[in-house]
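*Asks:* Residue numbers (this note's numbering), protein chains in the order written: chain A, 13 to 337; chain B, 163 to 508.
For the record, the hints were derived by calculation from the structure and aren't laboratory data. Just so you know, these numbers come straight off a predicted model, no measurement behind them. Glycine included, every Cβ here is placed at the ideal spot set by N, Cα and C. Hints may contain errors.
[Said to hold, decoys possible] Straight-line alpha carbon distances no greater than 30 Å define the calculated DSS-like cross-link-like pairs of lysine-lysine that follow:
id, chain 1, residue 1, chain 2, residue 2
1, B, K262, B, K170
2, B, K398, A, K164
3, B, K464, A, K157
4, B, K503, B, K197
5, B, K398, B, K259
6, B, K480, B, K456
7, A, K39, B, K405
8, B, K197, B, K480
9, A, K164, A, K323
10, B, K398, B, K348
11, B, K480, B, K398
12, B, K456, A, K323
13, B, K217, B, K480
14, B, K480, A, K323
15, B, K206, B, K170
16, B, K174, B, K262
17, B, K492, A, K39
18, A, K199, B, K480
19, B, K480, A, K39
20, B, K206, B, K174
21, B, K492, B, K503
22, B, K217, B, K197
23, A, K164, A, K39
[As the list claims (entries may be wrong)] One side of the interface only, derived from the structure: several residues of chain A facing chain B at Cβ under 7 Å:
id, residue
24, I37
25, R40
26, R79
27, A98
28, Q100
29, D104
30, Y108
31, E111
32, N277
33, T278
34, S319
35, E320
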Amino acid sequence: MQTTVVGNYPKIPNRPRPARLRNAINKRDRGELTDAELAQVKDEVTVEAIAEQIEAGIDVITDGQLRWDDDQTYVARNFKGIEIGALQRYLDTNTYFREPEVTGAISFVGPTLAPDWEFAQKNSTKPIKAIVPGPYTLAALSLDKHYNNREKLALAYAGALRQEVDALVAAGCKHIQVNDPVIVFNKEDYAFFHAAIVKLLDGVSGAETGVYTWFSDCAGILPQMQDLPADVIGLDFAAGPANWDALEAVSFTKRLGLGVVDGRNTRLETAADVAEAIKRASALVPSERLYVNPSCGLEYVPRETASEKLKVLAQGARQAEGVPA
Amino acid sequence: MATQTKTKSATKSGSSLPLTTTAVGSYAKPDYLTKARSEFAQGKIDRADLDKLEKKATEYWIRVQEKVGLDVLVHGEMERGDMVAYFSGEEGGNPIKGMKIGGLVRSYGNRYYHKPIIFDKLEYPGPMTVDMWRYAQGLTDRPVKGMLTGAYTMVEWSFDEAYPTRRDAVLDMARIIRREVEELVKAGCHYIQIDEPAIHTRPEADFQLAIEAMHATVDGINAEFHTHICYGPVEKVYTEMIKLPVKQIHLAFKNTDFAYLDLIREFGYPEDKDLGVGVTDIHTRFIEDVEDVKDGLRRTLKLLPAERLWILPDCGLKTRTVEESEAKLKVMVDAVHAIRKEIGAE
């Protein structure tokens with residue numbers, strides 16, 4: 013069993029710690045800081061986020077995605093064929109993202125994720141997992157003015173993202189995770205969601221690959237997900253308790269990303285809650301095939317809560333393993 | 163019920179005017195107030211000093227609205243930072259017991275806000291908005307609306323650490339907001355606006371809960387209730403939304419170039435309700451042309467009679483400057499007078 017995170021980490025701490033990234037962006041916007049100086053601050057706060065995740069006791073971490081404005085535009089904005097559009101509410105959250113506008117054929121120009129991963133891994137004693145935005149979710153949350161067909165758009169995104177994945181593998185990245193949550197709300201699109209993931213991950217070797225979902229359950233599609241060319245399937249058990257039944261009903265052959273700590277609420281779980289959930293999952297998936305993680309990215313809660321939640325998660329995992337905390 | 167009078171007017175007990183003009187809620191805080199709020203937060207000035215400046219700014223906005231010629235006024239929310247946080251522990255407010263302000267959470271880009279936390283069972287803390295309403299109403303002969311945030315939005319935009327389900331939290335919150343409604347009514351307030359901008363967050367899953375919460379907040383209370391619902395997928399909730407137990411629903415018509423008219427045409431609008439029509443976009447500095455606003459009014463009048471229409475900006479004006487806000491209100495009022503003349507109502 014290992015502990016991990018699902019993606020993003022809150023970008024700024026609360027007082028008395030300084031909100032360095034927020035202040036630096038404001039200064040750059042006022043012309044008091046150059047882009048190069050802002051990039052330097054982004055590097056520094058990324059190193060801090062890495063250190064906090066390690067200190068909390070997490071085994072496989074991310075760079076916190078502090079450079080990302082949102083999951084939809086960080087990578088896609090560098091593709092040919094994409095423009096950045098209006099603010100949209102992200103699913104049922106009170107968080108907003110810029111809508112990618114597809115104005116032409118999508119193509120990869122150069123890697124966005126591999127350089128970030130190399131920087132993060134250089135500054136981490138733990139393995140850094142790279143997060144790749146899911147092609148289906150990108151297609152579902154884009155304004156499509158070119159393909160006029162969600163399936164074609166998802167496959168076009170998958171083709172361009174595949175080059176991000178290949179660049180990550182070439183750089184030496186050992187953990188690659190595709191965050192593709194929106195499929196849980198549009199299960200009728202499963203067939204081409206699956207095809208897009210195949211296009212994105214099939215044949216990737218040398219790295220462990222995963223597909224994560226959140227905010228609801230995978231009931232009804234979990235059996236087909238066993239055939240995805242991915243090693244890990246991530247499920248949200250906080251917002252999608254029906255995932256328990258779905259898990260019980262399927263012959264689960266992958267590693268399971270067990271999303272048990274609620275990434276959307278400040279209510280703090282206990283280590284015992286986490287250990288209990290691990291015990292329950294272990295009856296269905298052997299514990300050596302478990303990743304224990306929050307239910308989603310942690311940016312929905314304040315930084316200090318995120319750090320506390322990760323500590324509880326790590327303690328719960330140790331408790332479940334019978335290791336004295 | 164409002165008594166029939168010969169001269170059509172908006173009184174403190176009801177409006178018989180064609181195209182009653184009003185505003186949605188907030189206005190920009192003058193610089194001296196923004197500075198004072200930050201000094202108060204740092205402990206440099208006391209509550210009485212801040213109170214004086216909040217009242218000064220409130221009077222300013224009351225006079226602006228009188229000068230422009232609105233029929234029903236808002237107090238401008240000079241004492242509030244955020245429509246949920248004000249009731250949850252924001253500096254200067256009287257917070258609902260069981261709520262506090264949490265750490266910073268990112269909204270988008272480089273924008274962050276302090277998201278409130280429900281940490282314990284909610285209890286009514288005594289009047290939260292009554293003093294300011296009474297002060298504002300005391301400044302003017304025109305009616306001033308009482309302004310509250312609805313139970314669904316209060317819970318949706320907070321973390322909940324205390325209740326087993328969202329439903330439990332929302333319905334208990336409705337009990338608290340109802341207490342404040344009762345206090346406003348006791349103070350003599352007739353028009354009470356209960357804003358629910360989060361109402362369409364989960365259109366399929368729990369829109370009924372939002373309706374149930376509004377019933378729990380207003381049923382059996384003798385006042386005229388309005389609600390403001392802005393942006394978001396109104397089309398997904400329209401047929402349910404119009405069942406909200408309020409006298410008036412107002413929507414941001416201008417922002418969608420009056421596309422909501424199609425919904426009214428297709429699904430109707432309840433006979434017993436007034437419609438609030440947002441006619442100026444609050445997100446742009448650009449001041450609409452009077453002709454443009456008149457055009458929107460004419461289009462709306464094809465579907466509903468003037469007596470059932472209230473005219474207002476799309477949303478609160480707090481993101482616009484004093485000058486922009488005044489100009490946007492003036493364009494709106496000028497257009498209303500022109501249309502009233504056109505239909506022989508003035």
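*Asks:* Now look at each hint and say whether the structure bears it out.
*Replies:* Verification of the hints:
no.	hint	verdict
1	B:K262 <-> B:K170	violated (45 Å)
2	B:K398 <-> A:K164	holds (26 Å)
3	B:K464 <-> A:K157	violated (34 Å)
4	B:K503 <-> B:K197	violated (44 Å)
5	B:K398 <-> B:K259	violated (34 Å)
6	B:K480 <-> B:K456	holds (24 Å)
7	A:K39 <-> B:K405	violated (48 Å)
8	B:K197 <-> B:K480	holds (16 Å)
9	A:K164 <-> A:K323	violated (42 Å)
10	B:K398 <-> B:K348	violated (37 Å)
11	B:K480 <-> B:K398	holds (28 Å)
12	B:K456 <-> A:K323	violated (60 Å)
13	B:K217 <-> B:K480	holds (17 Å)
14	B:K480 <-> A:K323	violated (41 Å)
15	B:K206 <-> B:K170	violated (49 Å)
16	B:K174 <-> B:K262	violated (35 Å)
17	B:K492 <-> A:K39	violated (36 Å)
18	A:K199 <-> B:K480	violated (41 Å)
19	B:K480 <-> A:K39	holds (24 Å)
20	B:K206 <-> B:K174	violated (39 Å)
21	B:K492 <-> B:K503	holds (17 Å)
22	B:K217 <-> B:K197	holds (15 Å)
23	A:K164 <-> A:K39	violated (41 Å)
24	I37	holds (4 Å)
25	R40	violated (10 Å)
26	R79	violated (12 Å)
27	A98	violated (11 Å)
28	Q100	violated (9 Å)
29	D104	holds (5 Å)
30	Y108	holds (4 Å)
31	E111	violated (11 Å)
32	N277	holds (5 Å)
33	T278	holds (4 Å)
34	S319	violated (11 Å)
35	E320	violated (11 Å)
Checked against the numbered hints given earlier, this structure breaks hints 1, 3, 4, 5, 7, 9, 10, 12, 14, 15, 16, 17, 18, 20, 23, 25, 26, 27, 28, 31, 34 and 35; the rest are met.
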